[in-house]
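Colleague: One-letter residues, chain by chain:
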Amino acid sequence: MGNTLQQPFRTAVLVLVWGWLLFLVFTPNLLVVGASVMTRDPSTFISLPMNLDAYRQLLNPLYLDVFLHSLYMAAMTTLICLLIGYPFAWSLSKVARKNRLLLIFLLIVPFWTNSLVRTYALKLILATNGLLNNALMAMGIIDEPMQMLYTEGAVIIGLVYLLLPFMILPLYTVFEDLREDFLRASHDLGAGRWSTFIHVIVPLTLPGVLAGVMLVLLPAMGLFFVPDVLGGSRNLLVGNVIKNQFLDARNWPFGAAASIMLTLAMAFLMFAHRLSKRRIGEDGV
Amino acid sequence: MATQSDLSCNGLVRRFGAHTAVNNISLDVPAGTFFSILGPSGCGKTTLLRLLAGFDRPNQGDIYIRGERMNDVPPNHRPVNMVFQHLALFPTMSVGDNIGYGLKRRKVPAAERRKLTAEVLEQVGLPGLENRNPMELSGGQRQRVALARCLVLKPTLLLLDEPLGALDLKLREQMKVELKHLQKQFGTTFVYITHDQSEAMVMSDQVAVMKDGRFDQVAPPEELYREPATPFVAGFVGDNNRLGGEVVSLEDNLAQIRLDSGELVRGRVASNEVRPGERAELYVRPESLVFAGSVQNNDYSVMQASVKTTLFDGANSRVEAENSGSLVYARLPQDGSAPALALNSSIKLSWDPRFARVFGADRS
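Sequence lines, in order, name chains A and B.
So for the first sequence, the working numbering puts the first residue at 1; every next one is plus one.
So for the second sequence, the working numbering puts the first residue at 1; every next one is plus one.
Treat the hints as calculated values from the structure; they're not laboratory data.
Glycine is no exception: its CB is placed at the ideal position from the N, C-alpha and C atoms.
There's no promise every hint is true.
Here are some, though not all, of the chain B residues that point toward chain A, as calculated from beta-carbon distances under 7 Å [unchecked claim]:
1. Asn76
2. Met82
3. Ala88
4. Thr92
5. Gly102
6. Arg105
If you want the footprint, here are the derived chain A segments under chain B, 3+ residues with CB under 8 Å [unchecked claim]:
7. 185 to 194
8. 197 to 209
Isolated chain B (complex conformation):
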């Protein structure tokens, strides 16, 4: 291989009785990547992370770290460290002892240990906090201590199990950026699991969207957003409107669909199951919908909807409208371009067909 992966797995399977938590997962994470595994709770991401850390063993498949097979290596001998969901900082030890814990197990002499501990605390922005008890620190500081405790060991791979979940919203936003910077600064490969798509999108180089023990799609955040490979990804990553209809024709990768309201609209074909005469679903994002009055483009698809309510939220303001039984959300720009919307009034929403995705309906 030209560039060796820090982590590569093939065909990982982990079953619990009749339930298959991890179902034939293969992945490849190049060195220095921020790799996220995004999925709803119960999708198997925690099980997968535990397989990588070594707390659990796969029923099938192999785990390689820098080309070395890890299946039979216990956690304390893997070049992998983990930041736990609740951090698991030892409350019986000072910050310095927590960070020095792994070094001490490696028999690093005390003077060296002190030096490395001081260095890593400096790097995570907490210089001189060695003698404090972790319980006296704020949530954000504890987070950094937990990171420092792992990073001081210079692991090949750092696993993070939704560590931001316990923080309040503001701090979480801050830590997202912070984490990404720290990852670049240390150059360590991060494998981050979360159910929060915004965390995954903001921080990651690559995101794997996981559902029912499988990866639906592995791609950079922008690609996930623009070209979701499955209806699940389309619905899970970002917001999306789902419109049901029947495929009328296919041309140039664009499908023409007759919506349940009878309107003819178009969108890009996203799966092989889209065939003329069959049911399909068209996904179009609220931010891709524009008010028909403001655009004059014959290529655009147009649909009628009646206004239900407006949801004012500053830059994220949206309008909720209805098109033959299904609810549709559209972004409400706050630059004066949006028309005044009266309740139950009829509006025309239009979109560039290239920004809509069409999936065969039987797959969802």
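Next up, chain A with everything else stripped away, as it sits in the complex:
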């Protein structure tokens, strides 16, 4: 029987998948949860007894501020990515097929360069004596260099630059599937451009928007090297806090607790994503 022949292969695949999940996903996460409820110890990093001090520390207004500021910067990044990515993906889906593949290729090419290197390149552009300031001064638009580096704006620019493709690609997929006939049907039934956009195009592309938002918003909170390079000390992401706790402050329980917070926030967003998916279609006659 074919089944018995395939048995070894099936077993191998199942072992690989479950082994992967167990040792590389489940166990590390369990270790993080474990670390978060331990006590900080300068020499062994963590020690007994178990307590919730780390989580209590998270409620410290200082960290709450960092979290909110981080969320704000990530949200701005997502919004800007969406505003650029939506029309970009739309036009991309309209380009002749041959050129389209070239454009997608160009979109992906930067990924072949390490993102840390690209962030440093951005630093050269934004610096006080950098390319952008020099160019603006040469054109006579400004008289003296603007402070662009080490601002909130610089962090957001860096995040948008790194994450924009993650917004464009899922949007492109939904726009590519969007059949022209839906737009014609809407037009034919009496809707103008705006009405068609709101009632037909947006709902049909919403899955792409949500996928793009999740792919941008969540990583945007964690890309700690972007504020490290571009943001100075005031514009921290949750990722920076976590990194600092593990590498500098040596407070593993707190770092672990912050990681779990971030994971929970992600889980919540994914849950909201599923809910919103179920709600689509209730336009209410």
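Assemble chain B onto chain A, guided by the hints.
Modeller: This is chain B only, laid out in the frame that chain A set:
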């Protein structure tokens, strides 16, 4: 005008670069007519339909709907709705919202919208399905929802772009009859495009046969079948045998032709290009051919053919035979009147000359 047409076009032309997709088309569709445009793919029928819907503009010519010029009216302001080939029901909306979509754009209040939606669903035979998602419905049900979505707006003209193409054969047969009934019930003028001649024949009051951007003939289905105006129509609508030969003489609208086999046969003259001494083509339908043994009529034309094979298909059974190089099909009646046919045996096929059509050969 005594009776105003719902749709009338004159001299419509639409070019794409060097290609003329719609070439000087004029048509006139009286109110309440089921009008079909029948043609092979690439004949320009979809382009024509898009001109009527307003998704595209003609390079020349005018479109009038109930006497009003439509050329510069965008699709959302035309009294025209369209059922798309793949229906284009919005998957993000319920059946009720799909049907209510056009009403909502017209700012019909919600209560009225619900009432009209329920009514039209009842009329297309799908009462109470408002809250279902179109994707959960069967092909035939979706078809009706797409119709209802248009008909609820009470358009002057309903355009249908081969909507039955995606259905399986059985359902398609059923929907043909259904569509015709719905058209009569609503009294809306339908313009239906298809490449399936059976769809066009069964449903339509008038059929326009389109080829290379032009109408070859516009006529009721029966006339298309009995009196095709061009060789293309003769070959495209229904089945036809084509026999080449030379015109010998003309008398009383009948042409006598010498077939390539040397036999003299007759058929009705269908075009001006039929002149004595010139090549011509005689079209005679398989169902017009009878086995010579069973008829005794001196007016009938007779031709010899050798049996190649029999194609048994119940009531549609046919015999394939050969007459000096050209294949001829004849209906094989299943009432016991057909002779037993052995392979390569010679048979005599005869026909009433009034049921055969003769066209000048250089035109095809």
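Colleague: Look at each hint and say if it fits the structure.
Modeller: These are the hints, each one checked on the structure:
no., hint, verdict
1, Asn76, "holds, 5 Å"
2, Met82, "holds, 5 Å"
3, Ala88, "holds, 4 Å"
4, Thr92, "holds, 4 Å"
5, Gly102, "holds, 4 Å"
6, Arg105, "holds, 4 Å"
7, 185 to 194, "holds (count 8)"
8, 197 to 209, "holds (count 5)"
Violated hints for the displayed structure: none, as all numbered hints are satisfied.
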